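Starting from the given sequences, assemble the full structure and let the hints guide the process.
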Amino acid sequence: MGIIIAVISGKGGVGKTTATANLGLGIGMNDQRCVVVDFDIGQRNLDMILGLENRVVYDMVQVMDGEATLKQALIKSKVSENLFFLAASQSKDKSVLNSKKVEKLVSKLKEDFDFVILDSPAGIESGFEHTIEFADAAIVVVNPEVSSIRDADRAIGILDSKSNKVKNGEDVAKYLIINRIVANMVESGEMLNSEDILEILDIKLLGKVPEDRGVIEASNRGKPVIMDKKSIAGQAYVRISGRLCGQQVDMKDIEICDSGLFKKIVGMFS
Amino acid sequence: MFGFSFFKKKQSALVAKDRLTIAIMSDRNSSLAYPFMEKMKKEIIAVVQKYIGVRGIEINKEVVGEFEALSIDVTLDK
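Quick note, the sequences are listed as chains A and B, same order.
According to our numbering, the first sequence is numbered sequentially starting from 1.
According to our numbering, the second sequence is numbered sequentially starting from 1.
Source of the hints: derived by calculation from the structure; they are not laboratory data.
The structure displayed is predicted, hence computed values, not measured ones.
Among the clues, some could well be false.
Claimed, not checked - Pairs of lysine to any residue, SDA-like flavour, derived with a Cα cap of 25 Å:
hint, chain 1, residue 1, chain 2, residue 2
1, A, Lys167, B, Ile72
2, A, Lys162, A, Glu187
3, B, Lys17, A, Glu211
4, A, Lys162, B, Met25
5, A, Lys162, B, Met37
6, A, Lys162, B, Tyr34
7, B, Lys50, B, Ile72
8, B, Lys10, A, Ser91
9, B, Lys9, A, Gly189
10, A, Lys101, A, Arg150
11, A, Lys167, B, Phe67
12, A, Lys252, B, Lys17
13, A, Lys204, B, Met25
14, B, Lys9, A, Glu187
15, A, Lys204, B, Lys10
16, B, Lys17, A, Glu195
17, A, Lys110, A, Glu129
18, A, Lys162, B, Lys61
19, B, Lys17, A, Gly189
20, A, Lys162, B, Asn60
What the hints assert, rightly or not - Just a sample of chain B residues kept apart from chain A, beta carbon distances all over 10 Å, derived:
hint, residue
21, Leu14
22, Asp27
23, Lys39
24, Met40
25, Lys42
26, Ile44
27, Ile45
28, Val47
29, Val48
30, Gly53
31, Arg55
32, Gly56
33, Leu76
34, Asp77
Ideal Cβ positions, reconstructed from N, Cα and C, are used throughout, including at glycine.
In structure tokens form, the structure reads like this:
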């Protein structure tokens, strides 16, 4: 029996889909079976990030409606034996989802996979609520920037009141990924640091991802950045995936510029 | 160098933290209230006051699982 994780953000464009794709591959690298599901009905994007857009034949709405079997609709990743992908419907609108259908689909996936990762749509409307409804845990993605953080707090508030686990009196685990950190801006006080963000949102940290031009390059090619061993964002996703799979991976401080011997020495003592 | 930084304006990350803390606090409070709360407060005071003196009233919305509850505390005069 696997775990269902919803990837949420509130605000759009913070890197939710990129995080989903990279974590999916990262989990696969750890020899765990993972399926990533695009819940952004009408604005399908995870297929592009994974480089699988040409392989989509059936989507998850067709599976829910019994027009296709799960086996027909699941697309295997080109690079990982352990990663599968289920596409969002591009033609229909978000109102096609309903709780019963979603529950049936995700509980079936939970039987077959160790990790079921749901890529939530931006905003806090129905599509978002369906993503969090049956989740065991949520990963909140933010950028160190005011509008993203404020919207994330709203999304967390809804998670805390609408998820089924909470309704049953349990806690829904939630973790934060801070994406697009620019070290020298944090150092000079021009960008919020991770401690402040965690304090404001009152949430545990899962990982920090530095700003990296390689992310766009990776999406251009449909090869998630985690595959690029030299990429600093890719390395961050390797660490985060390891943590998700239960490894003890130290939090690397990417908020310090590692240029200059002096700073390195200071870093050793701090 | 140091003299210059002394006169520099407040770091923007600090400004962001202050603004966010306040904005999020008010966002959270507003979701824990109904829009009619203030009006209802006045009406309850009016009803209770027909029978006994009222010093103050406090109404809180509480969310427990899928149930929402209102807790109403009326403080009486003496």
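Here is how each hint holds up against the structure:
| no. | hint | in the structure |
| --- | --- | --- |
| 1 | A/Lys167 with B/Ile72 | 23 Å, holds |
| 2 | A/Lys162 with A/Glu187 | 38 Å, violated |
| 3 | B/Lys17 with A/Glu211 | 21 Å, holds |
| 4 | A/Lys162 with B/Met25 | 20 Å, holds |
| 5 | A/Lys162 with B/Met37 | 23 Å, holds |
| 6 | A/Lys162 with B/Tyr34 | 18 Å, holds |
| 7 | B/Lys50 with B/Ile72 | 18 Å, holds |
| 8 | B/Lys10 with A/Ser91 | 49 Å, violated |
| 9 | B/Lys9 with A/Gly189 | 11 Å, holds |
| 10 | A/Lys101 with A/Arg150 | 31 Å, violated |
| 11 | A/Lys167 with B/Phe67 | 8 Å, holds |
| 12 | A/Lys252 with B/Lys17 | 23 Å, holds |
| 13 | A/Lys204 with B/Met25 | 19 Å, holds |
| 14 | B/Lys9 with A/Glu187 | 16 Å, holds |
| 15 | A/Lys204 with B/Lys10 | 28 Å, violated |
| 16 | B/Lys17 with A/Glu195 | 11 Å, holds |
| 17 | A/Lys110 with A/Glu129 | 19 Å, holds |
| 18 | A/Lys162 with B/Lys61 | 16 Å, holds |
| 19 | B/Lys17 with A/Gly189 | 11 Å, holds |
| 20 | A/Lys162 with B/Asn60 | 20 Å, holds |
| 21 | Leu14 | 7 Å, violated |
| 22 | Asp27 | 6 Å, violated |
| 23 | Lys39 | 24 Å, holds |
| 24 | Met40 | 22 Å, holds |
| 25 | Lys42 | 28 Å, holds |
| 26 | Ile44 | 26 Å, holds |
| 27 | Ile45 | 29 Å, holds |
| 28 | Val47 | 31 Å, holds |
| 29 | Val48 | 31 Å, holds |
| 30 | Gly53 | 37 Å, holds |
| 31 | Arg55 | 33 Å, holds |
| 32 | Gly56 | 28 Å, holds |
| 33 | Leu76 | 33 Å, holds |
| 34 | Asp77 | 37 Å, holds |
The structure fails to meet hints 2, 8, 10, 15, 21, 22 from the earlier list, while all remaining hints are met.
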